[in-house]
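In case you want the letters, here they are:
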Amino acid sequence: MATEYFLRMGDGKRVAMTREQIKEDAIAGAGHAVDYGLIPDLSADEIDKIVEICTMPGKSVSVELGMEIPVSHDIGTIRLDGDQGNSGVGIPSSRLVGMMMHERAFGADTMELGHIDYSFKPVKPIVSQECQTMEVAQQNMIVPLFYGAMPNMGLYYTPDGPYENPGDLLKAFKIEEAFASMEHSAEHLTRDIVWIMQKLYASGADGVNLDTTGAAGDADAFGTLNAVKALREEFPDMYIEVGSAGESWIGMHGMLEFEGTVLAGLWPHQQVKLVEKAGASIFGPAVNTNTSKTFPWNLARSITFTKECCKVSKIPIHVDMGMGVGGIPMLETPPIDAVTRASKAVVEMAGVDGI
Amino acid sequence: MPIAHIMASGMTGLRAGGDLVARMQLSKSMKIKEAKEYVAKKVGVDVFDLSDEYAMRDVREELGIGVITSVPGAPKGIAAKMNIEKVLDTKINCCDTFRNQLKQ
Amino acid sequence: MDKEAIFKELSDAMVSCKADMIMTATTKAVEAGVSSVDIIDGLAAGMTEVGDQFERGKLFLPHVMMAANGMQKAVDTLDMGEAGATVKKVIINGTVEGDVHDIGKSIVSTMLQSAGFEVHDLGRDVPNAKFIEAIKEYNADMVGLSALMTTTLNGQKEIIELLKANGMRSDIKVMVGGAPATNAWAEKIGADCYAENATEAVDKAKGLLL
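Protein chains in written order, with the working numbering: chain A, 195 to 549; chain B, 332 to 435; chain C, 12 to 221.
You may find that some hints are simply not true.
[Said to hold, decoys possible] List time: in silico DSS-like cross-link candidates among lysine-lysine, alpha-carbon distance up to 30 Å:
id, chain 1, residue 1, chain 2, residue 2
1, A, Lys487, C, Lys217
2, B, Lys434, A, Lys471
3, A, Lys368, C, Lys99
4, B, Lys407, A, Lys423
5, B, Lys407, A, Lys508
6, A, Lys365, C, Lys168
7, A, Lys368, C, Lys168
8, C, Lys175, C, Lys100
9, A, Lys368, A, Lys393
10, A, Lys467, B, Lys407
11, B, Lys362, A, Lys505
12, B, Lys364, A, Lys393
13, C, Lys184, A, Lys365
14, A, Lys207, C, Lys168
15, A, Lys368, C, Lys215
16, B, Lys422, A, Lys423
17, A, Lys508, B, Lys373
18, B, Lys362, A, Lys243
It should be emphasised that the hints constitute simulated quantities derived from the structure, not laboratory data.
Only chain A is shown next, with the shape it has when bound in the complex:
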């Protein structure tokens, strides 16, 4: 009887797989990325490497010495003292304490200040609080410190915002009205991101992390890229990190362009070229985990997309590797065996510049 290895499903559940099953799934996962992204496949050696990493006996694995990379953080501090409903552990600690814990106790290479309602629009009424906190944090911290939030353009639609929900308009076949709603919302988003970051940069922020860009579709990415462009023009030295929401920007609009390229339907190796043009410092591609597939399937798919992204990118790539992203299972407490294997694989195989 063939040896079985304990791996994970995309939802975190343990599953026993033989070497052959692992290899089959890795080939299938990579093939899925090739089919959808129209990108090169992984080689036989690369598939073997994935199998090797998956079948290592230790609970946690790590990169070879000398291959270490910086690990940048989104959110971070809020996970300690906060509870947004999906990640917080509820330790009563201030945001500054959280940030310094990451810097001094956890070995973080960068950190981020963010607020509990982690989107840009809600920052506007509390921007003074954020500025004060950033000032104090910068006095105390040493690692690069961003201000981070999600563009989250959905907040500009009714009932939270002034523009009618384009999803509802599309279902009612009011297509032109839906386009207008998305375009106006994107303008507001750009304006808000720029305004907020003008204030935070004046308070000493090293830069901005635009987390889950494209989450509300191509118009969300459009608004964000225009904000990046405006910020880069005004602040040539600002650190600008753009993290994507997923491997494909959903075409809610379908016709919005940035610098002559249609945004809808772009894959990571295409997303990064626009992020570069906009003037970002680094890009974080995101490949979402399919919870019904195995870890080898998800990992191979993630590496296939990420590798092509790294190959074509002129700016550093800090691949998104959170829960449910980058091959990591979708679970509030992602299993360490899966996290470390995904971490090692993406560094050694995809050529990322950071995580």
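Given the coordinates of chain A, work out where chains B and C should sit on it, guided by the hints.
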């Protein structure tokens, strides 16, 4: 989960030289190889030593660029960053802000 | 023109997402003596292809709507004969109480509607009781429950419990979705299925209802 990544793949920040490499990636969009080579040259170590706590401990203390333990008298926070600016030949926004707030 | 060629023409017309092309292909099929049921099958095959192209990022949501609109207009011109008007299966869709995410859920509603279901999208942050009311009001065949946060995920379980308490559980199919939801979660709470994305939601709805 971040700790799992840091243990598996990270340069471990102030424990070694990870924050310095990250700064060069962010400030100059340097890819990993270029960023490591740049920082290694500036701080006077081999690239391989940038993730080595032993190699980087004394270097960080001597250069005043921040050490992981809270050594009394060692530059911290903004002071350490001002030293990082000089060592890496880069500008750090909050240091500029700080300098501009000083009254003559 | 043989039936297979007409079938392909209907499907290709759908993928063009142009109402006039869909109508032209439908009229041609009628004139060629193809039955209304077969014509609808041809158009539906095209709609499935539209859904696949949407997942691949080759077609976008407005295209999906235009294809669906074109298909509806074409189907409305067909003589259904003894079969009469097609009765659509009814789906109630919404994001559970306390959760304000709705982009993914709206895309699912759009795709289900495009696939020929009668969809009533209740929006987001929908109180449990409102789901029950809507199911009764529209005599729904399925309810789709979306949750994007692990704390609101439990709302899906609560609604299933409420359906049981109201004696309605056996009369309705329950589909769950959203980032933290999984197959294992769906099994645990007694849902009928879990859908990873909009295309899968359509496939699962068809599998359970048609």
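Evaluated hints:
1. A:Lys487 / C:Lys217: 22 Å, holds
2. B:Lys434 / A:Lys471: 40 Å, violated
3. A:Lys368 / C:Lys99: 22 Å, holds
4. B:Lys407 / A:Lys423: Given pair Lys407 (chain B), Lys423 (chain A) is violated - Cα atoms ~34 Å apart, limit 30 Å.
5. B:Lys407 / A:Lys508: Roughly 34 Å between the alpha carbons, so the hint for Lys407 (chain B) and Lys508 (chain A) is violated.
6. A:Lys365 / C:Lys168: Distance ~28 Å between Lys365 (chain A) and Lys168 (chain C) Cα, so the pair holds.
7. A:Lys368 / C:Lys168: 35 Å, violated
8. C:Lys175 / C:Lys100: Within the cut-off at roughly 21 Å; holds.
9. A:Lys368 / A:Lys393: Given pair Lys368 (chain A), Lys393 (chain A) is violated - Cα atoms ~38 Å apart, limit 30 Å.
10. A:Lys467 / B:Lys407: Violated: Lys467 (chain A) and Lys407 (chain B) sit about 38 Å apart, past 30 Å.
11. B:Lys362 / A:Lys505: 11 Å, holds
12. B:Lys364 / A:Lys393: 34 Å, violated
13. C:Lys184 / A:Lys365: Since the Cα atoms of Lys184 (chain C) and Lys365 (chain A) sit roughly 23 Å apart, the hinted pair holds (cutoff 30 Å).
14. A:Lys207 / C:Lys168: Holds, at roughly 20 Å.
15. A:Lys368 / C:Lys215: Holds, at roughly 28 Å.
16. B:Lys422 / A:Lys423: Cα-Cα ~21 Å, so holds.
17. A:Lys508 / B:Lys373: 23 Å, holds
18. B:Lys362 / A:Lys243: 24 Å, holds
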